[in-house]
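2 protein chains.
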Amino acid sequence: MEINKEYKCHGGRVTYYSHQSLNTKTAMSFSLSIPKDVQGKIPYIIFLSGLTCSEDNFTTKANAYKKASELGLAILVPDTSPRGKDIPDDESYDLGQGAGFYINAVKSPWSENFQMESYIIDELIPLAEQEFNLDSARKSITGHSMGGHGALTLYLKYRDRFKSCSAFSPIVAPSKVAWGEKAFSNYLGDCKTEWLKHDACELVSTSKDDNNGSVILIDQGLDDDFLTEQLRPELFKSACEKSGQKLELRLQAGYDHSYFFIQSFIDEHLDWHFKYLNK
Amino acid sequence: MEINKEYKCHGGRVTYYSHQSLNTKTAMSFSLSIPKDVQGKIPYIIFLSGLTCSEDNFTTKANAYKKASELGLAILVPDTSPRGKDIPDDESYDLGQGAGFYINAVKSPWSENFQMESYIIDELIPLAEQEFNLDSARKSITGHSMGGHGALTLYLKYRDRFKSCSAFSPIVAPSKVAWGEKAFSNYLGDCKTEWLKHDACELVSTSKDDNNGSVILIDQGLDDDFLTEQLRPELFKSACEKSGQKLELRLQAGYDHSYFFIQSFIDEHLDWHFKYLNK
Numbered sequence: 353m354e355i356n357k358e359y360k361c362h363g364g365r366v367t368y369y370s371h372q373s374l375n376t377k378t379a380m381s382f383s384l385s386i387p388k389d390v391q392g393k394i395p396y397i398i399f400l401s402g403l404t405c406s407e408d409n410f411t412t413k414a415n416a417y418k419k420a421s422e423l424g425l426a427i428l429v430p431d432t433s434p435r436g437k438d439i440p441d442d443e444s445y446d447l448g449q450g451a452g453f454y455i456n457a458v459k460s461p462w463s464e465n466f467q468m469e470s471y472i473i474d475e476l477i478p479l480a481e482q483e484f485n486l487d488s489a490r491k492s493i494t495g496h497s498m499g500g501h502g503a504l505t506l507y508l509k510y511r512d513r514f515k516s517c518s519a520f521s522p523i524v525a526p527s528k529v530a531w532g533e534k535a536f537s538n539y540l541g542d543c544k545t546e547w548l549k550h551d552a553c554e555l556v557s558t559s560k561d562d563n564n565g566s567v568i569l570i571d572q573g574l575d576d577d578f579l580t581e582q583l584r585p586e587l588f589k590s591a592c593e594k595s596g597q598k599l600e601l602r603l604q605a606g607y608d609h610s611y612f613f614i615q616s617f618i619d620e621h622l623d624w625h626f627k628y629l630n631k
Numbered sequence: 353m354e355i356n357k358e359y360k361c362h363g364g365r366v367t368y369y370s371h372q373s374l375n376t377k378t379a380m381s382f383s384l385s386i387p388k389d390v391q392g393k394i395p396y397i398i399f400l401s402g403l404t405c406s407e408d409n410f411t412t413k414a415n416a417y418k419k420a421s422e423l424g425l426a427i428l429v430p431d432t433s434p435r436g437k438d439i440p441d442d443e444s445y446d447l448g449q450g451a452g453f454y455i456n457a458v459k460s461p462w463s464e465n466f467q468m469e470s471y472i473i474d475e476l477i478p479l480a481e482q483e484f485n486l487d488s489a490r491k492s493i494t495g496h497s498m499g500g501h502g503a504l505t506l507y508l509k510y511r512d513r514f515k516s517c518s519a520f521s522p523i524v525a526p527s528k529v530a531w532g533e534k535a536f537s538n539y540l541g542d543c544k545t546e547w548l549k550h551d552a553c554e555l556v557s558t559s560k561d562d563n564n565g566s567v568i569l570i571d572q573g574l575d576d577d578f579l580t581e582q583l584r585p586e587l588f589k590s591a592c593e594k595s596g597q598k599l600e601l602r603l604q605a606g607y608d609h610s611y612f613f614i615q616s617f618i619d620e621h622l623d624w625h626f627k628y629l630n631k
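Protein chains in written order, with this note's numbering: chain A, 353 to 631; chain B, 353 to 631.
These are calculated hints, taken from the structure and not from any lab test.
What you were told as hints is all true, and nothing was included just to trick you.
Identical chains blur together in the list; that is why a pair holds if it fits in one copy or across any two.
In silico lysine-lysine, BS3-like type, Cα no more than 30 Å apart, as pairs:
| hint | residue 1 | residue 2 |
| --- | --- | --- |
| 1 | Lys357 | Lys534 |
| 2 | Lys528 | Lys544 |
| 3 | Lys589 | Lys509 |
| 4 | Lys459 | Lys549 |
| 5 | Lys357 | Lys413 |
| 6 | Lys419 | Lys357 |
| 7 | Lys627 | Lys388 |
| 8 | Lys534 | Lys459 |
| 9 | Lys594 | Lys549 |
| 10 | Lys413 | Lys627 |
Owing to the predicted nature of the structure, the values given are computational and were not obtained by experimental measurement.
Can you make the complete structure from the sequences, with help from the hints?
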């Protein structure tokens, strides 16, 4: 594992790493913030980023580190896909590099490298917990847009691994919206039954809340240009109501899809997770 | 004046504007944040950015808007120079576009457009106060690196205009360091007597603290790569001691020259200015 850049920040440190991944067969990068004055195993949050983003967007723009340092939380921010000039890509922003969707592709040419679910769950998390004294028993997950989809689906698939889940403007029904249809048909093929295994609205109907009864928090800006076509939080609300999953869906007037929205509510998300991490 | 982008942020709004400047004879851009729930004239801070920066760096990376919104402060962030393909430039990062140094150039080819002192003082500030209900009697100035030089020198030149001044890792002695020597010889010519009119260490010796007795606050990271060659805060400390100017110089262990440093202390700078703005 290599350190690319390291900064002191709010008394702790923010470090950018890269390492060779067995799952994506590429170098993968991530950032990790460690709060000041930590003792013992550190509870932490995983933040999954949206389309076009790398680990850098959240790290520089989300304004999370003051509150995280106060609460004693670490934050792990993966990249959104494998990258490189020999790695498959697409001209559009919503497929290929920068658009891994946190699933394992099964279709060529994507399947060789685009194994983001296994990368996050089976490789990055264990590696980070081993290398950095992160507390494997106290982690939560959040994300934005495509990364909100990632946070919700990984939480619902691996529920016993996470204390809590939240999301900013997530894609909740990828099987029903253009972003998801494009990514899933390319990565998974045309069988929609397969798609449903990676659709938060479907997963919440079948996932059993067998560990902690935590409430999922979602913030969604009402001036988000993607709200009605791509995000559709009402579908997730309805699915949660049917399944009994507790959900706090907050529709925030005037906010859009940007990091100015994320920075406005990130402290409340950290407080939310902190409560569950210390139960 | 045109709105380029606008975001709701921490209950207020952050807006990017551009306008045609009479001083630089180019379009100039800036950002302005207005806090939530304002009534009457709004006290405000001007933040001047460093080499290579535009108004975007502070606006996206400094994490200032939560605290600013809580305090009810607006923040005005100018660009660092005129820009455009027909505007003089230099291959190096520390001269020309992105490196205006907040002075009025007198030498060709720079003098035609590089009139940043007049632009900030005689054009942008009056324009902003007229258009946005900013309180002309309650403004303070701060900045980073080259913008720290800008904040200190404009404060010392126009002392009756500002309630207080602070800086992050400022260039305090441009006449004595490579960045300043290069910029001043190009913009002002070889007469060093002219340079001293734009050197904070010199200005503090002659500037009279005739209005408010406010203490200048400087934060400087001790792991800043530019500390010993370009910044040299000890020179300003010595000049302040000689002149009677009160200075709070804080040397921050482990911090570098980046926005991770700025974001770690920006709230304390806003609190510092708030105190003077409400005296």
